[in-house]
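From first to last, the protein sequence lines stand for chains A and B.
For the first sequence, counting from 1, position 73 maps to 73 in this note's numbering; every step adds exactly one.
For the second sequence, counting from 1, position 134 maps to 134 in this note's numbering; every step adds exactly one.
Calculated from the structure, these hints are not laboratory results.
Be careful, since some hints might not be right.
Simulated coverage check for chain B against chain A, where a stretch passes if three residues somewhere in it have a Cβ under 8 angstroms from a Cβ of chain A [to be verified]:
#: 1; region: 15 to 25
#: 2; region: 100 to 114
Using C-beta positions, here's what the derived DEER-type ranges look like [what the hints assert, rightly or not]:
#: 3; chain 1: A; residue 1: E64; chain 2: B; residue 2: T100; range: 22 to 28 angstroms
#: 4; chain 1: B; residue 1: S80; chain 2: A; residue 2: S108; range: 35 to 41 angstroms
#: 5; chain 1: A; residue 1: E160; chain 2: B; residue 2: H93; range: 22 to 28 angstroms
#: 6; chain 1: A; residue 1: V114; chain 2: B; residue 2: L18; range: 20 to 26 angstroms
Residues of chain B clear of chain A, computed beta-carbon distances all greater than 10 angstroms [claimed, not checked]:
#: 7; residue: D36
#: 8; residue: S84
#: 9; residue: F87
Ideal Cβ placement from N, Cα and C applies to all residues, glycine included.
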Amino acid sequence: MGADVPDQSHGDIPAPETCEKITHSSSSGHVSTTFFPVSATTGPELSDAELVLGACHGNADAWEAIVDRHLAMVNRIARSYRLPRQDHEDAVQTVWLRLNQNLPRLHSPHLLAVWLRRATNTACNRQRQHRQRFLPVDPQDLIGYAHHQADPEDQYLLQERYAELHRAIDGLTDPVDRRVARLYLDDSPDAGPISHRTTSNQRRHLFRQLRRSLRATGEPSERRA
Amino acid sequence: MRNDPEPIPDRAGRAAALAAFDRSLDGARLARTLSDTVPAPGRPLHRDRGGAAPAVLRFGLEGVRLDLQVHRNGAHRSLSGLVSGEFDHVDVHLRRPGHTLLLFVGMDGRFDAAELSPGPLCLAVERPGHPLTLTDWFTV
Numbered sequence: 001m002g003a004d005v006p007d008q009s010h011g012d013i014p015a016p017e018t019c020e021k022i023t024h025s026s027s028s029g030h031v032s033t034t035f036f037p038v039s040a041t042t043g044p045e046l047s048d049a050e051l052v053l054g055a056c057h058g059n060a061d062a063w064e065a066i067v068d069r070h071l072a073m074v075n076r077i078a079r080s081y082r083l084p085r086q087d088h089e090d091a092v093q094t095v096w097l098r099l100n101q102n103l104p105r106l107h108s109p110h111l112l113a114v115w116l117r118r119a120t121n122t123a124c125n126r127q128r129q130h131r132q133r134f135l136p137v138d139p140q141d142l143i144g145y146a147h148h149q150a151d152p153e154d155q156y157l158l159q160e161r162y163a164e165l166h167r168a169i170d171g172l173t174d175p176v177d178r179r180v181a182r183l184y185l186d187d188s189p190d191a192g193p194i195s196h197r198t199t200s201n202q203r204r205h206l207f208r209q210l211r212r213s214l215r216a217t218g219e220p221s222e223r224r225a
Numbered sequence: 001m002r003n004d005p006e007p008i009p010d011r012a013g014r015a016a017a018l019a020a021f022d023r024s025l026d027g028a029r030l031a032r033t034l035s036d037t038v039p040a041p042g043r044p045l046h047r048d049r050g051g052a053a054p055a056v057l058r059f060g061l062e063g064v065r066l067d068l069q070v071h072r073n074g075a076h077r078s079l080s081g082l083v084s085g086e087f088d089h090v091d092v093h094l095r096r097p098g099h100t101l102l103l104f105v106g107m108d109g110r111f112d113a114a115e116l117s118p119g120p121l122c123l124a125v126e127r128p129g130h131p132l133t134l135t136d137w138f139t140v
């Protein structure tokens, strides 16, 4: 979000080139300077910089003109992210809220379209990234984490799985397979990486044998059931 | 000769965009967004009861830090935060499009807001002797 927001929000708006500087002097000696927008184009349409200046001075029509000029672009960029409707609407609304908040701080009001493009991409990216935190996860993946181990039921199931695996290893007929299996399961701190302890062929052979052994140990209980 | 139909103007979200116009807080300062992260989905230790990882945001406001966590509770969101730094008294306002809510900040700087509907929000931090400070708008 904000960390990636276009970095144009520091400092006040400089007087744009399209503004005419008028200095007033009062009888008390007080001097004030006002910037009045002057159309940069020959046509009646005001430039982005002029509209930003007008909006900064509280002109709601200028803001409306900004919205009408750039709304389609913002929507088009947001749609390209294929977000769900609610997320899409939130992202677009955030863009306009940020623009309103940063309006008096825009360094280059004439580059408003660029600012909006980047702000829309930032908002949509954040929205997409934050959706990922709601992705469902296989509960099996949660086994082994500390807070799950504290649960007695999880601990019991974990021990069951551990015992069943070791029963299957003990059931392997080839002593080489049993040795490879124990090397593979070695989780002591000084154990080297798995690729150093076992070869891929050994692991492939081991898994095949273990599957057979687990099937064999599971069959009597299935029959009992 | 082919007559192309007039392109229909894209006006989706126009009302919300127009409603965003508000010049009442132009004198406020903007807080720096120091971080805005979501713990990876594969790290369940960071998940809440609903199985979702909270969004973690941090803002810096001239000697004061604002830490936020956004949780999902069904269709609603909840926000828990901590203001830390040098201050005697601090007020935190939660701004949503169209309305503002004053949050209760405890002696230890903790505050929270529950039952929030999804959408953009912004926090305004007010300290005596300091200008009003606004965070960036973010969605919950």
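**Prompt:** Where does the structure disagree with the numbered hints, that is, which hint numbers, in rising order?
**Reply:** 2, 5, 7
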